[in-house]
Structure formats: C-alpha cells, structure tokens
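Peer 1: Listed below are the residues making up each chain.
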Amino acid sequence: MTLPDAEQMLAALADRMRGAIAWDAPFVGIHSGGAWVADRLAQMIPGEHPVGYIDVSFYRDDFNRKGLKPEVKRTELPFDVEGATIVLVDDVLYTGRSVRAAVNELFDYGRPQRIELAVLVDRGGRELPIEATYAGARLAVARDLSVVLSRTADGRLALGTEAAGGEAPAGHRDA
Amino acid sequence: MRDPQLNAAGDLVHLLTLEGLPADVIRRILDTAVPFTSIAKREVKKVPLLRGKAVFNLFFENSTRTRTTFEIAAKRLSADVINLNIGASSTTKGETLLDTVDNLVAMDADMFVVRHAQSGAPHLIAAHLNRTGRTDVHVVNAGDGRHAHPTQGLLDLFTIRHYKHDFRNLTVAIVGDVLHSRVARSLIHGLTTVGTPEVRAIGPQTLMPTALQALGVRVFNDMREGLKGCDVVVMLRLQSERMRGALLPSSGEFFKHYGLTPEKLALAKPDAIVMHPGPMNRGVEIDSAVADGERSVILPQVTFGIAVRMAVLSILAGN
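The listed protein sequences correspond, in order, to chains Y and A.
Residue numbering for the first sequence follows this note's numbering, beginning at 1 and increasing consecutively.
Residue numbering for the second sequence follows this note's numbering, beginning at 1001 and increasing consecutively.
To be clear, the hints were calculated from the coordinates, so they are not data collected in a lab.
Glycine included, C-beta positions come from ideal geometry on N, C-alpha and C.
Accuracy of the hints is not assured; some may be wrong.
What the hints assert, rightly or not - Not close to chain A: a few residues of chain Y, all C-beta gaps over 10 Å, as computed:
| no. | residue |
| --- | --- |
| 1 | Q8 |
| 2 | L10 |
| 3 | D15 |
| 4 | I21 |
| 5 | D24 |
| 6 | P46 |
| 7 | G67 |
| 8 | V72 |
| 9 | V81 |
| 10 | E82 |
| 11 | A135 |
| 12 | L145 |
| 13 | A163 |
Claimed, not checked - Ranges of calculated distance between the beta carbons of each label pair, as one might list FRET restraints:
| no. | chain 1 | residue 1 | chain 2 | residue 2 | range |
| --- | --- | --- | --- | --- | --- |
| 14 | Y | R138 | A | P1197 | 31 to 41 Å |
| 15 | A | P1004 | Y | K69 | 58 to 68 Å |
| 16 | Y | I130 | A | P1262 | 37 to 47 Å |
| 17 | Y | A158 | A | N1085 | 55 to 65 Å |
| 18 | A | Q1205 | Y | A153 | 52 to 62 Å |
Said to hold, decoys possible - In silico DSBU-like pairs for lysine-lysine, Cα to Cα no more than 35 Å straight-line:
| no. | chain 1 | residue 1 | chain 2 | residue 2 |
| --- | --- | --- | --- | --- |
| 19 | A | K1164 | A | K1269 |
| 20 | A | K1256 | Y | K66 |
| 21 | Y | K69 | A | K1046 |
| 22 | A | K1075 | A | K1164 |
| 23 | A | K1075 | A | K1228 |
| 24 | Y | K69 | A | K1269 |
| 25 | A | K1045 | Y | K73 |
| 26 | A | K1164 | A | K1041 |
| 27 | A | K1228 | Y | K66 |
| 28 | Y | K73 | A | K1269 |
| 29 | Y | K69 | A | K1075 |
| 30 | Y | K69 | A | K1264 |
| 31 | A | K1269 | Y | K66 |
| 32 | Y | K73 | A | K1264 |
| 33 | Y | K73 | A | K1075 |
| 34 | Y | K66 | A | K1264 |
| 35 | A | K1075 | Y | K66 |
| 36 | A | K1041 | A | K1075 |
| 37 | Y | K73 | A | K1046 |
| 38 | A | K1164 | Y | K69 |
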C-alpha cells in the first residue's frame, strides 16, 4: 500500500500542536523513530522545548519472549521530570505498549504534572487504553504490515511498510 | 563441540569465560552496559527487566565485593536475590555440587552466579543444566580457581573503552602476579579478542605463566622497560594467600621491583590510566600516591562493574 508523505504528516502534526502546548514543554522522543520526530518538532514549533530521548527496552512487556534488543540506547532527559508537563513523541502509535513502557520509565525519574502524546501516525489496533493527544494522520493498516519510518541523510522523514515479522514492533531505520 | 556458553543460534546462555567468546558478543555486552550506567543517577534506581526472576548467588569462596556488586546489579534489575554461603552449609554435610544445583532448580532458580575455588565448577553446572534440558536456567561465572573471572574482564574492558574510546592503537600492561590471576587471564582473552594491538605482562619470571607468549602477550621482567609507552596499567593484587613456597623473597622486595610508584608511572604515557581489580595491598603492589592519584580509575571500575553485570544478567535472562 502507499502511505501519505511523512513530511506532510509532520507539518499537520506541528499545526495541531502549535498554540495547544505550553511554551516550554519538553519533548521526549521514543527511540529511534520518535526521537527523529521530536527533533524535527522542536525546530518547527515556537517556544523553548528541551528535547529528551527515551529507550524503553528495559520496560518492554515482551522481554520474556524476545529478550533484549541488540542496541539499547541511553535514555537522556535533560530537564527535571518532577512537576513537568511533557509531550511524549513517537512515530507510529499501534498497540500502545511502547507508550505504556515509556510512561512507566518517565515515572522512575520523577512525578510529571502531565504527559501528552504526539504521534506522526495513528494506525489503530490498540491493545491498551491509550490515545494520542495529537496525531499527524490516522490510517487503517492491515495487521500483517509494519509501518516503518526512515530518515534520509538530510534529515527528511519517509514512511514505508514491510511484512510484519511475527509480532515484531514497528521497526525504524536510519537511511 | 559447541561452546556451552552459546545456544544453537549463537546467543549467549551462560557466561563462563571470555576465552573463545566472539568479539560481537563481547561488544554487545559492553554496549548494553552503557545505558545501565545512568540508572544509579535516577530518582528510582531500578528497571523492571528481571521482575519476578530469582537469581541465586552461589559463593563457595568468599568475595565481598564481587558478591555485593552482583547483588546490586540483580536488584537494580528488580530480580529477587538469594545469597547462599555454601561453604558453611550443604557441602559440609556431604551433598555434591550438582545435587545442590538440582535442589535450587527445584526451588525455581532462574540464574546462578557462581564463585568457586575449583577451576571449572561453573562450567560443570552449566553443562549439567544443558544436559538435563534446563536451558532456561543460566550460569554466570563469578570467578573459578585460577581459570576465569569474565565479568571482571568485561568491566576492565568497559573501563578502558570508557577512558580510551576504543582498543585500536592501545598498549595495555598487566603487572604483578599473573600466574595466579584469573582476572589477568580473562582480561588478556578479552583484550586480544577485541583487537588490542599490544598486551604486556610485567612481573618476576616465577609469577609468569608459561603460555603467555602463545596468547600474543609480550613478557617483561623489568617493570621500567615494560611500562614505557603504555596507555593502560592494570595492577594485580599480590595473592599472598595463594603463594606457598618460595616464589618471592618478601613483599618489601616485590614492591621495590614491581610496586607502582609515581616515579615508575611517569614512564608510561602522560595520559595513562591505572586500574586495579581490588582489594588493593597498599605498599605491596601499589603506592598510595598512585592509588589515590588523578590517573587512578580504580573506583570508577567498581561503579562500571555494576552496569556491566546488569548487562550480562539481562542479556542472559532474555536468551
């Protein structure tokens, strides 16, 4: 299937967030795709938004079945989580399990005042009671496909699909 | 025969020795340890990865530091930790090692961290678990006899990489009682596997194992000669309790020739780091001015040791 242009979705997502979020709200991108989206949003949305990154590998609920993924990145939150209003950012919202893991991890750094969720694509298929506060687009995607975000050398984002390998989570690729 | 540490897919299921372990497995452990180094700085010093898993510390030989750091590592992963001081219990009543293991497996152990005075004891346990089909239970060698201490070797590699960024172009000297040191053996295997161009062993000939040259290690009996141009100096503890017989004249004499003083350290590169696995004998193998000096990374080694053990436990538990 052909997907809408990722750059257009990003622009639509930034439009929805502009004016709706606090001037100094930190953005926290979930590695890897969400981190790319968070970097771009911080450039596009006026305000002073510290950008943090979170790797949810140590909080995943499928560790017992899949083990640890090969490259775990460092979680970096360059602001005080205690009392903060945080915008969590991911590329694709699907089952909601990554978001659940990210929220749990954030709480181990402190008690945020509020957490909002911004995603490039909401593809439905939720398995947990989690919804995006802001979404660039909502799409229906067949269950046997993964939606994969990639990033070109000049920082532009592109969306594609690939066969869902078993129950692999949406993959992310640096092009 | 397949390395009992790896399963058919090549995944690490036990950590027994660094000898023969593929470079990519070693690198993955070091890479995985990096994100674990920051967990101690958070409000909650814990991640839920090993929640509900039972880690048994089986220490047949005393070691406060190693046991404690394994215990902290497992607890920061949210595992339940059970410490068994075996020397004082079943074995004195005549139970065999493998019977002890079978009993603990019957108590639903998920992992054993084993320290034993006999070389090969952790290997024996791992082979027994593989043979009895309990491949879901993992073994970590926390030091066996003179054979290996792989997590110490890994934390030494992690420390070197942290300060020197990679292993290319490095000259690493290991100084002292190499003969009795499982720490030295593990570090030498680790360093050569990741491609360190020059590994040196410095010490009196009576404390140098004969097989060192075969491992590609350059042996120096003159410490001043051996320290020249080194990036990393690893001091070993003089294991006096293992020295029976006349390997050395006296500890004072040893310090004179092989103790690391500021004056001898000046022969290494100006930015050389000094490491020691602990516990230190001040005034025997290392001068206090060096141990507490600005080039000493002995305490960071201890901190990194927790992150490296967290990485090992979590990779094993997931395979």
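Peer 1: Can you give the numbers of the hints that this structure goes against, from lowest to highest?
Peer 2: Going through the list in order, the structure violates hints 7, 8, 9, 10, 14, 15, 16, 20, 23, 24, 27, 30, 31, 32, 34 and respects the others.
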